[in-house]
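Peer 1: Each chain, written out:
There are 2 protein chains.
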Amino acid sequence: MNKKLIGIDLGGTTIKFAILTDNGEIQQKWSVATNILDDGSHIVPDIVASLQHHLKLYQMTPDQFTGIGMGSPGTVDLKKGTVIGAYNLNWKTLQPVKEVIEDKLGIPFAVDNDANVAALGEQWKGAGENDANVVFITLGTGVGGGIISNGQLIHGVQAAGEIGHMNVEPAGYLCTCGNHGCLETYASATGIVRVAHDLAEEYAGSAQLKQQLDNGEDVSAKTVFDLAKTGDQLALMVVDRVCSYLGRACANIGNLLDPSAIVIGGGVSAAGEFLLKKVDQTFQQYAFPTVRQTTKLKLAQLGNDAGVIGAASLALKFK
Amino acid sequence: MNKKLIGIDLGGTTIKFAILTDNGEIQQKWSVATNILDDGSHIVPDIVASLQHHLKLYQMTPDQFTGIGMGSPGTVDLKKGTVIGAYNLNWKTLQPVKEVIEDKLGIPFAVDNDANVAALGEQWKGAGENDANVVFITLGTGVGGGIISNGQLIHGVQAAGEIGHMNVEPAGYLCTCGNHGCLETYASATGIVRVAHDLAEEYAGSAQLKQQLDNGEDVSAKTVFDLAKTGDQLALMVVDRVCSYLGRACANIGNLLDPSAIVIGGGVSAAGEFLLKKVDQTFQQYAFPTVRQTTKLKLAQLGNDAGVIGAASLALKFK
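Protein chains in written order, with our numbering: chain A, 1 to 319; chain B, 1 to 319.
Pulled out of the complex, with its shape left as it was, chain A reads as follows (with noise of 0.2 Å):
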């Protein structure tokens, strides 16, 4: 019989579980509450007692797998399988997560990036197809991603994937990097809320967006969406905004690139084809002309479980 892998989504508020066969194939998945409460001491505690009491429910022995996989937010160091400055986890200091959950459970563990794991899931089992080359990103209250190349994660010398800190506009928002104009100014959760306040102040007409706006009403990404998509002409100019600079960013993407798809996720993906088509607008007039034919922007599909997949995917290489 195949060995198992694990996979774990470690986020700020839930840290995500999945058993998988190597194919990818989810046959458990639990989650438990994050406690970053003393600096984030608990969590690695909290993950080898979660694992080492799931395997004995199912009971399950560590040679019955491959390995542990995990995406983690912050700054990883692969080789070493440590994460620094995750500042949702309260992880300011040095985590020897790898050392760790490898000491205890007796299972070979890798750990990545969040998104880039994300990335590899919606590669893997996902909108990607198991292609080599899958660019995936993800909307949500930021904007991230992560690049497979030739089969493997592009990780550059330390942090390649910056896709929300693509510059689209020269002169553009000011964002938390400190730079002006990155993609994630305009194209996450916020950023569009911020664009939908910004075209309202020069909107004279009777748009509903406009009147919730103007009435201090609570304003979000999916409001802007839900509006454009019945026609809102105040929500049509916002998301027509936000999409040609998501679509330009795609088309930048697949000229250096050229992946299969690049497949978009995240909250803000929840808006659906309406987004899917306007993007790819933009990136149809932007796109070189081979790369329109190679290139597709695609949904992803995997939603909550790209980061377990992605993650059990990591141990793969235990093999």
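There could be a bad hint or two in this list.
Which copy? The list can't say, so a pair holds if one copy fits it or any two copies do.
As the list claims (entries may be wrong) - No more than 20 Å apart at the CA atoms, straight line, and that leaves these computed lysine to any residue pairs for SDA-like:
#1 K92 - L316
#2 K222 - A204
#3 K278 - L299
#4 K3 - L199
#5 K3 - K319
#6 K92 - T290
#7 K317 - N150
#8 K79 - A132
#9 K79 - G151
#10 K56 - G172
#11 K317 - G151
#12 K278 - L316
#13 K317 - Q152
#14 K296 - W30
Bear in mind the hints are in silico, worked out from the structure with no lab data behind them.
Chain A is already provided as a structure; the job is to place chain B on it using the hints.
Peer 2: Leaving out everything else, chain B in the frame of chain A:
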């Protein structure tokens, strides 16, 4: 004794050859004119004859070589070793280059795109310092490039590395590819002259570049850079505009791929540190903070030898 490599740089006017150690040191170097008559049907026979002649001259035999690598214009099929659509060679139909050369010489043969091969050269023995993550941009008649990540060329589905066709201006100049605002329309040798003409239209001062353009003198990219170095006001405006596009494109490449170096070569790069410093100003402005630490802009070091050296490196896989 270690076996040798042969590198071939096939261009529209000359075919350059070199015999190298497996360390990338050139031991012999020669070139022949490219005969593109009769649909380019003389090119491969000429390559074979030139190699046979020089092997005889140097009293060397096929078993003393690991392999032959070649950089070619056009669309290359890496696996089959064929080339099609190399219009400056008159190669409109499929050319079975690998098959013929291996048959005639009895040495394993590999071929890749000329820009990719130049990138490999600079990465291996030039400014890239043999790092696993290096991007090469060539500024010539057009703007091309090659991307090396994880120690491998990125090909994508078909033709990655279309750096010249990254969009830098949404409503910019029309490009030969049919799109608007490609980097190449501003930062190629012809693009720079185009920017000069455009800015001269709106310039009312007495800059020498303005006078030369108004007099209908022959102005080249070199003229523009030479005048800019002397402080010519209009020339400086042109250089600043071009370098800001280049810098922003480099920043986006850095943000995506985080290479250790972005190496700038090609004819326009003869402007040297003056060019590099101006590109770097904008790069620093738009690169993600960690990328500013990890990715350095550098001038190419190998000049015309980049092609034969990089081509030879393709043959290392036959070792």
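Peer 1: Each of the hints needs a verdict: does it hold here or not?
Peer 2: Do the hints match the structure? See the list:
Neither within a single protomer nor between protomers do K92 and L316 lie at most 20 Å apart by alpha-carbon distance, with minima of 30 Å and 44 Å respectively. Proximity of K222 to A204 under the C-alpha cut-off of 20 Å is found in neither arrangement, the shortest distances being 23 Å within a copy and 51 Å between copies. In this assembly of identical chains, K278 and L299 lie within 20 Å of each other by CA distance solely inside one copy; the values are 13 Å within and 39 Å between copies. Taking the shortest alpha-carbon separations for K3 and L199, neither the intra-copy value of 55 Å nor the inter-copy value of 66 Å comes in at or below 20 Å.
In this assembly of identical chains, K3 and K319 lie within 20 Å of each other by CA distance solely inside one copy; the values are 9 Å within and 35 Å between copies. For the identical chains of this complex, K92 and T290 are inter-copy neighbours only, at 17 Å across copies versus 45 Å inside a copy, given an alpha-carbon limit of 20 Å. Within a single copy, K317 and N150 get their C-alpha atoms as close as 16 Å, and across copies as close as 16 Å, so both meet the 20 Å cut-off. With identical chains, the CA atoms of K79 and A132 are at most 20 Å apart between copies only, with a shortest distance of 16 Å across copies and 23 Å within one.
Both within a single protomer and between protomers do K79 and G151 lie at most 20 Å apart by alpha-carbon distance, with minima of 19 Å and 17 Å respectively. In this assembly of identical chains, the alpha carbons of K56 and G172 never lie at most 20 Å apart, being 54 Å within a copy and 63 Å across copies at closest. Both within a single protomer and between protomers do K317 and G151 lie at most 20 Å apart by alpha-carbon distance, with minima of 13 Å and 18 Å respectively. Neither within a single protomer nor between protomers do K278 and L316 lie at most 20 Å apart by alpha-carbon distance, with minima of 37 Å and 45 Å respectively.
For the identical chains of this complex, K317 and Q152 are neighbours both inside a copy (12 Å) and across copies (19 Å), given an alpha-carbon limit of 20 Å. In the homo-oligomer, the alpha carbons of K296 and W30 never lie at most 20 Å apart, since the shortest distance is 33 Å inside one protomer and 44 Å across protomers.
The structure shown violates the earlier hints numbered 1, 2, 4, 10, 12, 14.
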